[in-house]
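Engineer: From just these sequences and the hints, can you work out the full model?
Quick note, the sequences are listed as chains A and B, same order. Taking the numbering used here, I'd label the letters of the first sequence as residues 3 to 323. Taking the numbering used here, I'd label the letters of the second sequence as residues 3 to 323.
Please note that the accuracy of each hint is not assured.
Since copy identity is lost for identical chains, a pair holds within one copy or between any two.
List of simulated lysine-lysine pairs, DSS-like, C-alpha gap at most 27 Å [stated by the list, open to error]:
no. : residue 1 : residue 2
1   : LYS206    : LYS305
2   : LYS293    : LYS267
3   : LYS81     : LYS288
4   : LYS267    : LYS70
5   : LYS112    : LYS70
Derived by calculation from the structure, the hints in this document are not laboratory data.
Number of protein chains: 2
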Amino acid sequence: MRNVPSLELVDRVAAGDIGAIARMITRAESGQEECRPALAEIYRRTGRAHIVGITGVPGSGKSTLMGKLTATIRTTGRKVAVVAIDPSSPFSGGAILGDRIRMNELAGDKGIFIRSMATRGSLGGLARATLDAVDVLDAAGFDLILIETVGVGQDEVDIVQAAHTTIVVSAPGLGDDIQAIKAGILEIADIHVVSKCDRPDSNKTIVDLKGMMTLGLNFSGNSNWRVPVIATSALKLEGIAELVEAIGQHRKALESSDELDARRKRIAERRMLKTAEEILRDEFEKHRDGKVSALVSQMLAHKTNPYSAAQDLLAEIRMEK
Amino acid sequence: MRNVPSLELVDRVAAGDIGAIARMITRAESGQEECRPALAEIYRRTGRAHIVGITGVPGSGKSTLMGKLTATIRTTGRKVAVVAIDPSSPFSGGAILGDRIRMNELAGDKGIFIRSMATRGSLGGLARATLDAVDVLDAAGFDLILIETVGVGQDEVDIVQAAHTTIVVSAPGLGDDIQAIKAGILEIADIHVVSKCDRPDSNKTIVDLKGMMTLGLNFSGNSNWRVPVIATSALKLEGIAELVEAIGQHRKALESSDELDARRKRIAERRMLKTAEEILRDEFEKHRDGKVSALVSQMLAHKTNPYSAAQDLLAEIRMEK
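Structural biologist: What follows is the structure, encoded as structure tokens:
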């Protein structure tokens, strides 16, 4: 018999029990059906936290920034949690060849919780699991929840957009600014950060981004908000407090307009769709040796095509209900 | 009335008409229902091409390599097509701030076709569209079809695994080797390429990769095949012919074992699932102002949760059938 998370576990999560939070997230990550009543109860208790998505291409200095940002938010007395789904993140376990930054300065503080999500699931489900983890942390009373993703790939963009505030990190050099524009992530920013501003070439990146803003490339959907470009240096500890301040100001701008409600609606829509997709994948797995296998044989014999096969599969799943 | 691709267009595709191929791919990209009969007919005519996926993190030199590889394959007399879904690829149009490499050396040759796929679709569909484009090129008689993706993000890994042969490009420096291991892309390689081997630090990357192979980290699923590590320099034009040779040898290894059939089955399975997911997303869009909107309101009021809402949505879609 598999381990069913009890409603008593939910109560312990709500009381801020770190062990219970970690266990509940692990159960959510597993995607097992038995977890759903507990996750439903968790969901009922959400809605208080400010959820902040942080993204940037590899090499943008996002990971170092995350460490400093987390520590600085914590000094304001608020509880802060990090959900990292960037496989190159220092928060992610299992680094084979090293390069994890030392998080010692943050360890041992119950007002900080750091979790890296597994990214090995071969057929998705990561977005659903990440948002369930955010729910757990929200229900557990964390004031700010930071979702860290690498800014490449549609899944990652989807996940980071399930936030109230989205921060895009660019770095000088490396052509990151160009790559980011092409990847379409710059336009989802509520706040721009240019990292590594101790470097002499950082000014060009700042000027480029400010130029974009002047050109009206502000897609934050909130006429109430002017997207700031914040220069940070994790090395010199510059700009971090300013970033924390900007996050707070963005929250206020959301609350003083219809935008917070609009974003909550958008997030709920996406969650529903992502969850429906996961149900579809689960049912696909269940039929793998049956209907799926039969349809694959027909495809390989060119007796059907991917679209007709997909429709047949959906019809089969439907008939069972 | 929308433009319906005719079966006559399919005949022109099959005859290798470049204009017809481009148009058919554009229609496939649109995902319009009207295209399905034509795509079904296209699919029926596929199965001859060797499909090669090429992936690597940004900065790996993959894009420059692609240009040289394409030109070198062409010199063997074979027709070669490239489908690029890396937004940082030189093959991708719309580079805002420049940096497209000059593809003049390839232009004007009807035995080469290069296509970049739009990556802006907010709710996916890219994998489905890419594989439809590969079908079009297969039906059009291209011998080799190269799919270029950036090796970050589950979508990209899914797409590149829809190939018969998968090449992973690493570069010296930049910590790419580490990032690639973490992202789980090294293990999907049938062929490893270390680019920029004119650089003195490239030897370390080669040794690291060969070490991994020795450690048995070969997940190519083919006991018949020893994953080679090929050093290339696009600058000095070294290793490109060796890479072309390795691609051919891998094809032979697939054909002389059960592995080609196994891969074809796996590809067909994934396509069916990706297509079913796209049908789900289309139906979600159709219900956006109706059932979806009602369920979102219930979620925001905490009267339901994402899982129950997703099930209700699927049930609603099912009832219509």
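Engineer: Indicate, hint by hint, whether the structure satisfies it.
Structural biologist: Here is what the structure says about each hint:
no. : hint              : result
1   : LYS206 <-> LYS305 : neither (57 Å within a copy, 50 Å between copies)
2   : LYS293 <-> LYS267 : between (36 Å within a copy, 14 Å between copies)
3   : LYS81 <-> LYS288  : neither (41 Å within a copy, 41 Å between copies)
4   : LYS267 <-> LYS70  : neither (31 Å within a copy, 48 Å between copies)
5   : LYS112 <-> LYS70  : within (17 Å within a copy, 54 Å between copies)
In the structure shown, a violation is registered for the earlier hints numbered 1, 3, 4, in ascending order.
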